[in-house]
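Trainee: Below are the chains, spelled out letter by letter.
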Amino acid sequence: MIDYGKVLNKTVTDIKPSGIRKFFDVAATMKDVISLGVGEPDFQTPWVIRKAGIESLQRGKTKYTSNWGLVELREEISNYLNRKFNINYDPKDEILVTVGGSEAIDLALRALIGVGDEVIIPQPSYVCYEPITAITGGVPVIINTKAENDFKLTAEELKSAITDKTKAVILPYPSNPTGAIMEEHDLVTIAKVLKDTNIMVISDEIYAELTFSGKSHISPASIPGMWERTITVNGFSKAFSMTGWRLGYACGPKPVMDEIVKIHQYAIMSSPTTSQYAAIEALKNCDEDVQYMLKQYDMRRRMIVSGFNKIGLTCREPKGAFYAFPSIKSTGMSSDEFCEKLLHSKKVAVVPGTAFGESGEGFVRASYCYSVEHIKEALSRIEEFLKEI
Amino acid sequence: MKYEVLKLLSKNAKYTAEDIAVMLGIAQSEVEQYIEELEKENIIRGYKAVVDWEKIDGTYVSAIVELNVVPKAGLGFEEVAEKVMSYREVEAVYLMSGDYDLNLIVKGKTLKDIAWFVAKELATIDSVTSTATHFVMRRYKEMDVELVSGDEDDRGQFFL
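Just so you know, the sequences run in chain order A and B. According to this note's numbering, the stretch in the first sequence is residues 1 to 389, in order. According to this note's numbering, the stretch in the second sequence is residues 1 to 160, in order.
Straight-line C-alpha distance at most 16 angstroms; calculated EDC-like pairs for lysine to aspartate or glutamate:
id	chain 1	residue 1	chain 2	residue 2
1	A	K31	B	D154
2	B	K11	A	E373
3	B	K2	B	E18
4	A	K376	B	E18
5	B	K14	A	E377
Keep in mind the hints are simulated off the structure, nothing from the lab.
So here's chain B without its partners, still in its complex pose (with noise of 0.2 angstroms):
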């Protein structure tokens, strides 16, 4: 139950433990008590909007960037990891498998702003060799949620 909890969370945060409870056929205390678990063991990190920014005009660009990485001996990737995240223009660190090593999604108002980050901040990391900088020009899905509108409904308001 405590997995059925999380995954209609992961679907929509706003749920409040009197729907989820409803809709499981559980005690509300015991969705309460879930949620509190599962915030306290860090399973559920944060809450967070799903927000079109395209809607937002010139307010918001990304960029997913490839960084080649030379891992330090004893400490891999993790201390380049590690300083990468720190930039709160880095909205997402992966290490990849494949043709390169870290994948960071990077956010700034202007393409400008990004390109200027990634030379002036990634590139000059030492143990960094190569960057490779790729923009977001359209958004369709974000976190599960269509951005762009799917099919309408086309079912009617009727049918018996």
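Isolated chain A (complex conformation) (with noise of 0.2 angstroms):
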């Protein structure tokens, strides 16, 4: 009989599960759970993207592209990033069409990242980074960033974490789950912190066509002096509503992406060749679409963080991203406690703020991915939940 136990990498088997999968599964058994739990968008991919995607198997494009992706994507990725958020980068060699966020920011940490290596990780902030630091051998250094400063991270806290085994640092603005983003003041002070050091910045910012309040995205590498040290890692999947296509891109400069896209090419060799050919039309095409479904999910927002102040949950404005992330300290309750008493007494689903790190404890995520009408029902319930406690 083989031992599992000697076959598999330690640092692997080391990585706990996930604390609410059992939580997950036993929702997933559940019937007529009114969910807010998702992190994806509920509107279908806009049709042309969808018939780019079509036509190009019509015209038998189905083999595999250059491992740094289609040139004419990588161009229409420079142009947008230059028209959005003002940063260029040549779609020559810095440029690097991946298999959505999530792998972009596995290949930026691992490009980066070697045994010992600190990565200064700020939450609560999604489940990735955490995992793929210690997979690489490196080390997590968390920050808690605070509700009163809207879980920014901040120069002083960002300071005090750097050591000489300072590698990286991670910049998961705008936030899931918190909803906070960085301003341009915001990233000033940060820069200023990492101005003559060799830190670089991982950026993910997957979020960054969802900001609202007239706030625009402000990308980090767009501060004076950042560029150079900043590899900003982005996709098509929320602001395009393009999750199960898995395809995003990660832009640097030539020295390390150079170094990026060799592990791409041994583990990847190029990004799924049907979903380029779409992303290009949602580069090209498709700016009103996702003014559209902005303004939806700008409604839902206020109708979600009016619902849950009212109900005496505290929310603060999320400005980016499509969660809520309101205080459940009121209830007495902790997290865990509080969304698997919810989901059992009322059939609603919200994640605890813990998935997202210790930090997290106090607060759910409530995401808005979905109609208003079904925001109201979930609230209602929530309401009702309240009053019975």
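Combine both chains into one complex, guided by the hints.
Mentor: Structure, rendered in structure tokens:
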């Protein structure tokens, strides 16, 4: 009999499976659950994008592309980043098309981090940074960002986390789950801390299109002195409602990208060809669709934030992404307890804040990728729940 | 903003003024004022339920009826249009471009009701030269609402 305990990589087996997996599994077996739990858009991928994918298949475009991705797509990404976020990348050797933003994050960490290197990760944040850092042999250094700072990373917090071993900082803004964004003046103070260091920034900008209240997303790489030390990660999933197409990109200075592309070349070869053809269409002709979706999200956002505050769960205004992150401290329950009880008594699914780091304790994440009617129903069930406890 | 209010109400007439105020980030009193104006100006012509009549067996049949009409001097199609729209069986009346003139949506309880209505009431109008009746066999979408259940939300309940 094979002993799997001896077969498997200890670094991997040591990664604890996400604690809420069990909770999710229970929820999945329940009927008539009203969920505010998903992290992907409810909109269909705009038809012109799907059509472009279909047409590429009809034309028989089903071979590998260049390791870097289709030239035409890289050119469109370059134009897009310039037009939207005022950052410039050469399509030739500074933009790599990846399998979702996720692969781009994985590649960036693997290219930068060796055994013992430290990666600074602000939390609460998306769940992948810590385990991927661990798999590379790196050491995650967690910064618990604070509600009173709107969950932004402050220069002081960053400064105090930096050591001789710091190799990289993750900037996960706009933030899943907190909805926090970093404004220009915030990034300028971060840039000052990093100036004259050999620390790279991995900026996860997958929610860049989704900012509200008249605040546009600011790319860290657009801040003076930051381009040379930033790997910009973005993708098509959230903005164009293309989660299942698995397409993203990593951009950065050539010496970094030359290494990143090596890993991609050996691990992946090239990103899905059909998705790449579809993505060209997304960047060329879908500004209006993105605006339409943004407007719908904004109405839902106002509805859910106002709803939580009205029923007594303090909820700050999320300025980006598509999540509300209300405090449940007034109930006296832990996040896990709140979510479990809410699920069982009212069949409403929200995610405990602790899924995104210890600093998420006292909060829950509620996605507003749902119709206004769905959100209202969920809120009224949560209100009943609060009255009964 | 008035237009935004109208768009939301046309999507769901049950949104309260408070809902709309929250969604648009404006004062509730402002929304109430817009709605009052829209109603007074007859821009909002009514609030009705979108009913899936097929769920209630044997009580609803509808047809599209095409009418060819000889227009009257000075009156055009108005006279006949006004006459047909006064029938309670007629749900909608449109003047059309193309092969025929008036398009009617006619409802009844049975096929026979509609057939008789067309033969007795519509076909006998002086200026109507011919009629063509097409019975509706299945309703897929009504007033922007999909009646045949479309794709289910297949996203699952959780995804980080």
